[in-house]
Structures are given as C-alpha cells and as structure tokens.
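Enquirer: Listed here are the chains, written in short residue letters.
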Amino acid sequence: MENVMISIRGLEKSYGGNQVLKGIDLDIHPGQIIGYIGPNGAGKSTTVKILCGIITEYVGEINVLGMDLRKQGIDIKRKIGYVPENGALYDLLTPNEYLSFIGTLYGIPEEKLNTRINLLLSFFGMEKNADQRMDTFSKGMKQKILIIAGILNDPEIIFLDEPLSGLDANSVILVKEMLTRLAAEGKTIFFCSHLMDVVEKISDRIILINDGKVIADGTFEELKTEKAETLEKLFANLTGNQESEFKSDVFNKAFEEN
Amino acid sequence: MEKIALFIIKLLKHPIILLGGDYRQVEAILRTKLSMDFRRSPSMFHASGKSDKTFVFQLFILLIFGLFIALGFTSIQNLMLGLTIGFAIMMVMLGSSVITEFSSVLFDHRDNQILLVRPISNRSLLLSRLLHIQVYIGFMAVALGAIPSIMIAYKHGVIAFIVYWIAVGLCAWITLLLTSFFYILLSKVVSGERFKDIISYFQIFMAVMIFGGYQLMPRLMENDAIKNTTMDIHWWTYLIPPAWVAGFVDVFTTRTFSLEIIVLAILALVVSVGGAIFLVRNMSGSFENVLSEGAAEKVAVEKKVESREKHRFKIYDLFCVSETEKSGWKFSMAITKRDRKFKQAVYPSIGMIIVLAVVMVKPDFSSFAATMQKLSENKNFFFFLFCCFFGTTALTQLPYTDTPEGAWIFRALPIEKHGHILTGAIKAMLFKFLMPILILLFIATMSIWGLEKLQGLIIGSMMIILINLYTIIFMKMALPFTQVRDMQQKSANMARMFLLMFLMGITIGLVYLSLMMNVWISVAVSVVLFLAIINAFSQIRNKGYILS
Numbered sequence: 000m001e002n003v004m005i006s007i008r009g010l011e012k013s014y015g016g017n018q019v020l021k022g023i024d025l026d027i028h029p030g031q032i033i034g035y036i037g038p039n040g041a042g043k044s045t046t047v048k049i050l051c052g053i054i055t056e057y058v059g060e061i062n063v064l065g066m067d068l069r070k071q072g073i074d075i076k077r078k079i080g081y082v083p084e085n086g087a088l089y090d091l092l093t094p095n096e097y098l099s100f101i102g103t104l105y106g107i108p109e110e111k112l113n114t115r116i117n118l119l120l121s122f123f124g125m126e127k128n129a130d131q132r133m134d135t136f137s138k139g140m141k142q143k144i145l146i147i148a149g150i151l152n153d154p155e156i157i158f159l160d161e162p163l164s165g166l167d168a169n170s171v172i173l174v175k176e177m178l179t180r181l182a183a184e185g186k187t188i189f190f191c192s193h194l195m196d197v198v199e200k201i202s203d204r205i206i207l208i209n210d211g212k213v214i215a216d217g218t219f220e221e222l223k224t225e226k227a228e229t230l231e232k233l234f235a236n237l238t239g240n241q242e243s244e245f246k247s248d249v250f251n252k253a254f255e256e257n
Numbered sequence: 000m001e002k003i004a005l006f007i008i009k010l011l012k013h014p015i016i017l018l019g020g021d022y023r024q025v026e027a028i029l030r031t032k033l034s035m036d037f038r039r040s041p042s043m044f045h046a047s048g049k050s051d052k053t054f055v056f057q058l059f060i061l062l063i064f065g066l067f068i069a070l071g072f073t074s075i076q077n078l079m080l081g082l083t084i085g086f087a088i089m090m091v092m093l094g095s096s097v098i099t100e101f102s103s104v105l106f107d108h109r110d111n112q113i114l115l116v117r118p119i120s121n122r123s124l125l126l127s128r129l130l131h132i133q134v135y136i137g138f139m140a141v142a143l144g145a146i147p148s149i150m151i152a153y154k155h156g157v158i159a160f161i162v163y164w165i166a167v168g169l170c171a172w173i174t175l176l177l178t179s180f181f182y183i184l185l186s187k188v189v190s191g192e193r194f195k196d197i198i199s200y201f202q203i204f205m206a207v208m209i210f211g212g213y214q215l216m217p218r219l220m221e222n223d224a225i226k227n228t229t230m231d232i233h234w235w236t237y238l239i240p241p242a243w244v245a246g247f248v249d250v251f252t253t254r255t256f257s258l259e260i261i262v263l264a265i266l267a268l269v270v271s272v273g274g275a276i277f278l279v280r281n282m283s284g285s286f287e288n289v290l291s292e293g294a295a296e297k298v299a300v301e302k303k304v305e306s307r308e309k310h311r312f313k314i315y316d317l318f319c320v321s322e323t324e325k326s327g328w329k330f331s332m333a334i335t336k337r338d339r340k341f342k343q344a345v346y347p348s349i350g351m352i353i354v355l356a357v358v359m360v361k362p363d364f365s366s367f368a369a370t371m372q373k374l375s376e377n378k379n380f381f382f383f384l385f386c387c388f389f390g391t392t393a394l395t396q397l398p399y400t401d402t403p404e405g406a407w408i409f410r411a412l413p414i415e416k417h418g419h420i421l422t423g424a425i426k427a428m429l430f431k432f433l434m435p436i437l438i439l440l441f442i443a444t445m446s447i448w449g450l451e452k453l454q455g456l457i458i459g460s461m462m463i464i465l466i467n468l469y470t471i472i473f474m475k476m477a478l479p480f481t482q483v484r485d486m487q488q489k490s491a492n493m494a495r496m497f498l499l500m501f502l503m504g505i506t507i508g509l510v511y512l513s514l515m516m517n518v519w520i521s522v523a524v525s526v527v528l529f530l531a532i533i534n535a536f537s538q539i540r541n542k543g544y545i546l547s
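Just so you know, the protein sequences line up as chains A and B, in that order. For what it's worth, numbering that gives the first Met the number 0 labels the leading residue of the first sequence as 0, then goes sequentially. For what it's worth, numbering that gives the first Met the number 0 labels the leading residue of the second sequence as 0, then goes sequentially.
Just chain A, with the same shape it has in the complex:
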C-alpha cells in the first residue's frame, strides 16, 4: 500500500534478557487516529519511545515518513511530535520559557514561534499562567504544556503516551476535539491510553498488544463481538481473565485480624 506514514517490520526489543517486544509488524496510514492499547508492561511505551528515537537499540526495520529511523533519525524528529507519559518537563521554567526553548530546538523562527506559543496557550486557557513557574502547576496544567510542546513544530505524526492523564473533563473534550481535527487535516495520531471508552470513541483503528505481540488490530466495529460489545470487555477477554477476576478470598484475607 502506498502512503504509509509508519512501517514497522519485525520489531523486537529486550532489556537484559527480558524480551519486551516480540516481533511487531504494523503499517500506519495518514489521517488516522490509532489507539494503541494493552495491559501494563505490554510494551506500549517502549514502542513509542523507539519510534520517537529515545531508545535507539532495537531489532527490526522501522520507516517513518519514508525515512529509515536508524539513518535519518534527526530528519524524522523534525516532523514528529511526542507527548511523554510521565510529565517530563523542566518545571523550573515558565511555560513561555519552556515552549520557546523547545521551539528553538526545532529551529522555528522567533516571531512565528512566539505567535504560535501565544495562540496555543490561549487555546488551552493557559495564557494567564504563561509566566509562572511550572513547579507550582497541577498535573493537568503541566499536561497541557506537554501537549503544546508536542504539537509546537506542526508535526506530521503525533505520538501521545497517556495524553489525558490529569486533565479535567473540559480539557479532555478539548484534547479529543483537537486530535480529531488534526486527523482530519491529514495528520497521524498515535496514542497509548488505558481509558477504554475514550479509545473506543475516537480511534479509527485500535491496536491491542499483549506480551510484546499484536493480538488484535482493526476498527472497533471490526473487533467487537457478541460477547464483548465494549472495548473494556474485549480487552479483558483478550488479555487474560485471571488477572481481572476479583480474587475475593485473597483480598479479604489481607485485612483479617491475626
């Protein structure tokens, strides 16, 4: 198929003998919102970190925007955005300082950068906080700055790792709309989340990985069965019932007087 944004072939990754990714093959097309889901420790974040160039050692072939990730990493990085999961930012800076720092790293001309920062800050209702140090910010406020930093360079592909964590209900709506809009403009959105209802609603395609392998891939309509009419149930069915089964005997025993 032509016009592939990301192509992954035989991706494997292990940490000191522990194989996390066990051969992943994917083709991702433009204008799609991809929901990348899986249980804790399944390898979601690892995949995203490899695609963004944070982890450079892996087995397999990856092409992003038609470029080889190993050889043209920097050119790829210019055209992708990344929103990390664990709130990594320099919180001693103010949003203005941080965002213009990031923008400078992308080589965006100063004037253009400043306008863009101002507009994005006001889109997220953060213009009042633009010159406050972020170490006083709440998790959701920091998350908004991280999202802005992730789209600041007007990327072709945006990777988001738990983008909605810490956001209030209004901001969740805002981000969901933003993602849909960006996809409509032809951008590719690749996001990891544990919020099954959100993934179910906004994803054009859902990829479920478990134990380092893709175990389900398709639109929600394609994936759902009679037994599992929500993504949550589907998830539970596919990724092992034992863990989700409530072990009431063990739980009760924990609080027994001895």
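Hints are computed from structural coordinates only; laboratory data are not their basis. From a predicted model like this one, the values you see are computed outputs, not experimental measurements. Treat the hints loosely; a few may be bogus.
Straight-line C-alpha distance at most 20 Å; calculated SDA-like pairs for lysine to any residue [stated by the list, open to error]:
| hint | chain 1 | residue 1 | chain 2 | residue 2 |
| --- | --- | --- | --- | --- |
| 1 | B | K32 | A | Y89 |
| 2 | A | K70 | B | N281 |
| 3 | B | K2 | A | L91 |
| 4 | A | K21 | A | N62 |
| 5 | A | K78 | B | N111 |
| 6 | A | K78 | B | R23 |
| 7 | A | K70 | B | G284 |
| 8 | B | K32 | A | L91 |
| 9 | B | K187 | A | E56 |
| 10 | B | K187 | A | Y14 |
| 11 | B | K336 | B | V483 |
| 12 | B | K32 | A | R132 |
| 13 | B | K9 | A | P108 |
| 14 | A | K200 | A | D167 |
| 15 | A | K141 | B | R109 |
| 16 | B | K154 | B | S74 |
| 17 | A | K141 | B | N111 |
| 18 | B | K2 | A | L92 |
| 19 | B | K32 | A | Q131 |
| 20 | A | K111 | B | R23 |
| 21 | A | K138 | B | G405 |
| 22 | A | K70 | B | S285 |
| 23 | B | K32 | A | D90 |
| 24 | A | K141 | B | E404 |
| 25 | A | K78 | B | S120 |
| 26 | A | K138 | B | A406 |
| 27 | B | K12 | A | P108 |
Starting from the known structure of chain A, fit chain B onto it as the hints suggest.
Expert: Positioned in the frame of chain A, the structure of chain B alone reads:
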C-alpha cells in the same frame, strides 16, 4: 554569573559550528540549563528568585586554595617546575570535581524524554553538555588561578599574566576533555548498569587518591631538593598534561625557546583543539548510545517474596526507643544499602580513613617491627580519633535522595513524632558506619598502646557522637531522604564540616586531659557524656528536624 557564561558561549559561536554543533540549539540548551541551575531552590517556600551564594562560597574556598598554589610558586625557583605542579594541582582538583559532581550532567538521562525526541544531533547534545560542565569548572579554574596569576604578573610581567590566564582556560578544557574521553571510552567497553557501577567505584577510588594527594603535596613542597632543582624533560614528560600547559606559559614568559618546551606548548594547543574535534566528531555517536541505554527502564524481574518470619530479636530493638524510631532505622538501612549516589558520597570517606591512618603512622616500609616500635613510643594515639571523623559522613548524606517526591509519606501518614524517624536513621548510620571504625580503632589502639588508653577512647568516641548530634541540633536536619541533591547541599555540608573539624580539635584536647585524670573521674565524665547523648537524641526527636 549566568550572563558571563552566556557571553562567553557567544564568543564560542564559530568553534561550536566548526565542531559540527548547531549553535542556536546549543545556546538554547545552555541558557535553559543555566537558568534552571540558579533557580533550583532548597525548598518550595523559596519559590521566587534564588541567589547563587553556595557556588560563590565554593569558589571562595578555591580562591584560598589558590593561595597555596601561589606559595608553591614562590618556594620553587624553577618556573617550569612550579607551573607544572601548580597546573597539576589545578587539573586534579577540577578533574575530581568533574568526576564526582558533574559526570551526572554528562550522562544525565532524566531529560531524555525532553531532548532526545527533538531534532538535536549527537554533536550538539554532547557539546551542550560539555560546555555546561565547562561553565562550572571554568569558574572554579578562575578562582583557583586568581592569586597565582597576580603572583605571576608581579614576578614576570603583564604578558606572563595574560598567557597564564589563557593557560588556565586550556587547563580546564583539557581536564574536561580527558575525563569525558575516558568516560565515553569506558561506556563503549561496558554497558548499562555495569557502566554505572564501574563509574561509581572509579569515583570512590579517585576521591581517595585525591585525598592522599592532598596529604602528600605539602610534604613534597617542603622538600628542599625540589625548591632549587630544575625540571628535566624526559620522554614521559610529554605524557603529563600539566606539563603541556606549563610549557605553554613558560615559552612566553622566559622566552628560552628550547625545543622541548616548545613541543610541550604545541601539545597543549593541539590537544585542546584536536581533542575537542575528535571527541565531538567521532565519539558523539557512542555518547548517544549511553544515553539511550540509560533510558531503558528496568523491567521488574519477578522474585518470590520470602514469607515473613516471626519477629525475632533484632539489633535495633537494643537501640531504638519506639516503633517509629525502629522504622526510621529499617528505612535508612534499606535505602543506604542500594542508593548508588549515597555510596558514592560516603564510601570515599572510608577510604580516606586508611589514607589518613597511613599518613599519620608514617610507616617505615622496610621494617614492620620498627614501625610498630616507633608507634608505641609515640604518645599521640588520640589523633587517630580523627579517623572517626570520616565515619560520620553518612550522617551528612542522610537527608538527600534522587526522589524527594517520596517524602509525602511523612506528611500523609499518621506519624505523631517525626523526630523519631530521624533519630532512628541517625542511630542506624552511626551503627552501620561509625561503629565498625570505632571497633577497629579500639582493637588497634589497645594492642599497640595497651589497655589503659581505653578510658580516653571511650570518652573520645562518645564526644564524637555528641558533637555530631549537636551539629544536627544546631543546624537542623531534614528527615531522611527527603531533599534533592544539588548545588545547595554541597555548601551546607562544607559548613558542617568546618564546624565539626573545629569541635574535633576540642575533643582531642579533652581526651588528652582525660588521660591525665583519675580513672574514676573518667568514669564520671563517661556517664555524663552518655547522659548528654541521650539528651541530645531526645532534643533531636523533639525539635532537631525540619519537616519540609
């Protein structure tokens, strides 16, 4: 300070571009990093504006140290030799600083998620890190070189003064290049966690070596032979970096233009420029691999939980007065066993004890018996109590951690007396680090000097514990593992060190007095000291801590 640094970086625009870095990116990273360094505040209360006092204090100490280098110049007739020794001291001091304090900057992977996803080349990233460290050790070099430079201007004129300053810059740069080169090379050979372990052992080893060097250097300077000798240049002289820089100054100062000196001077220039080109152009690739490897989060290896055994008598039952105190003990024991940075800060001081003991004994290596004989005639055994001074460095490291976020537990849990956590931890540290040293000291002292010195030792060791407790009471201490390690911490520790050193002197005087007293008076003094220790612990328990 930040502004001066950024101005200098502006001057370096062309070299940065020549080395293959993106100037705008490098400058942006440095500006951001420096402004964050000076904003980092000790507590959340000082959220606005922060001075860089602590670093200035460190510079002040270095300035004074420069005085000793200058004194070396005056006592050594030969300029070349004096300069070589001076630059050697400078390189060792700067190098140890790079190794112990700034290597974490080089391999910082905390901001991988911020920087590695941006289109920054390896070269720009490595350059920005190198320059970031260079800013600090550059200021340190300036502080060290200030007094010697005045001395040189006075003795050899203005040109020598200017050349000397250029040489100081080269000296700092070469030091940084050599240590970074070594680190990156090492990272190629070994990988991941293993690399971090080797680095920390190496840091501990270096710290001990440097301490040994400080002990030997003044003795060397006093040596008459060295005062009047000239420096012969052998083939291996070309391998000594300080000699290159010294040669660089010598050429312009004495204008003797001997071939050897000129070669040395050229080496200084070639290594600074060529080394930079080689490091940034050829080794930045492996530098990135280290970073990304470091980013690899460890996947939890499943381990069977051992079934909890029934409560047996544990050593902390003997020392701790409450359950909270016991948990403080267990908590600090568990963390100090694993925290790599804690080990890096504490274990060198244990090595220093060995060096210090050797220096004090001044052993006659040819005859062990003669050494022992000489030792037993020497009455100054109580100076060995100084060794115990280093047994208490663990206490100064107690409040620091890489994950201060975890401190919320102290506030959120229903703990009535936070002080008990601290005293429990203090007791654990004294037990783990001071006790073994004391036991060794007791055994050694009594086997060499006899049983009657026991009273002095007991009083001495109780005094050591007491003064450590009192410095904690006076200066207050944060709860264990709640403060972030940064520039702040270093000066606080330095102040504590000076206070302790002073009190240590008093202790030794007291021990000396106690030896002249009647045994029963000593016993009485011991009882008083013991009660004072108990009282000091209760004071810390009640108000000697900071809950932040």
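Enquirer: Against this structure, judge whether each hint is valid.
Expert: Comparing the hints with the structure gives:
Simply put, K32(B) and Y89(A) have alpha-carbon atoms about 9 Å apart, close enough for the 20 Å limit, and the pair holds. For the given pair, K70(A) sits about 16 Å from N281(B) by alpha-carbon distance, which is consistent with the 20 Å threshold. Restraint check for K2(B) and L91(A): satisfied, since their Cα atoms lie roughly 18 Å apart, inside the 20 Å limit. Annotation: proposed proximity of K21(A) to N62(A) holds, straight-line Cα distance about 18 Å (limit 20 Å).
Proposed proximity of K78(A) and N111(B) is supported: the alpha carbons are some 18 Å apart, at most 20 Å. Taken as a hint, the K78(A) and R23(B) pair is honoured in the structure, with Cα atoms around 19 Å apart against an allowance of 20 Å. A distance of roughly 12 Å separates the Cα atoms of K70(A) and G284(B); the hinted pair therefore holds under the 20 Å criterion. For the hint pairing K32(B) with L91(A), the CA-to-CA distance comes to about 10 Å; that is within 20 Å, so the pair holds.
Between K187(B) and E56(A) the CA atoms are separated by roughly 14 Å; this keeps the pair inside 20 Å, and the hint holds. Between the alpha carbons of K187(B) and Y14(A) the distance comes to roughly 18 Å, so the proposed pair stays at or under 20 Å and holds. Of the pairs offered as hints, the one joining K336(B) and V483(B) holds, with about 18 Å between alpha carbons and a cut-off of 20 Å not exceeded. Using a Cα cut-off of 20 Å, the hinted pair K32(B) and R132(A) holds, with the two alpha carbons roughly 15 Å apart.
Between K9(B) and P108(A) the alpha-carbon distance is near 19 Å, which keeps this suggested pair within the 20 Å criterion. Proximity of K200(A) to D167(A) is assessed by CA-CA distance (about 18 Å); at most 20 Å being required, the pair is judged to hold. Only pairs whose Cα atoms come within 20 Å are accepted, and K141(A) paired with R109(B) is accepted, the gap being roughly 17 Å. About 13 Å separates the Cα atoms of K154(B) and S74(B), which keeps this hinted pair within 20 Å; it holds.
Taken as a hint, the K141(A) and N111(B) pair is honoured in the structure, with Cα atoms around 17 Å apart against an allowance of 20 Å. Distance hint between K2(B) and L92(A) is fulfilled; the C-alpha atoms sit about 17 Å from each other, no more than 20 Å. Note on K32(B) and Q131(A): the hinted pairing holds, with a Cα-Cα distance of about 18 Å set against a maximum of 20 Å. At most 20 Å may separate the alpha-carbon atoms for a hinted pair to count; K111(A) and R23(B) meet this at roughly 16 Å.
With a C-alpha separation of about 16 Å, the suggested pair K138(A) and G405(B) falls inside the 20 Å cut-off, and the hint holds. With a CA separation close to 15 Å, the supplied pair K70(A) and S285(B) stays within the 20 Å bound. Between the alpha carbons of K32(B) and D90(A) the distance comes to roughly 12 Å, so the proposed pair stays at or under 20 Å and holds. Of the supplied pair hints, the one linking K141(A) and E404(B) holds, its CA atoms being roughly 16 Å apart against a limit of 20 Å.
For the suggested pair K78(A) and S120(B), the alpha carbons sit about 15 Å apart, so the restraint of at most 20 Å is met. At roughly 18 Å between alpha-carbon atoms, K138(A) and A406(B) fall within 20 Å of each other, so this suggested pair holds. With a CA separation close to 19 Å, the supplied pair K12(B) and P108(A) stays within the 20 Å bound.
The structure meets every hint from the earlier list without exception.
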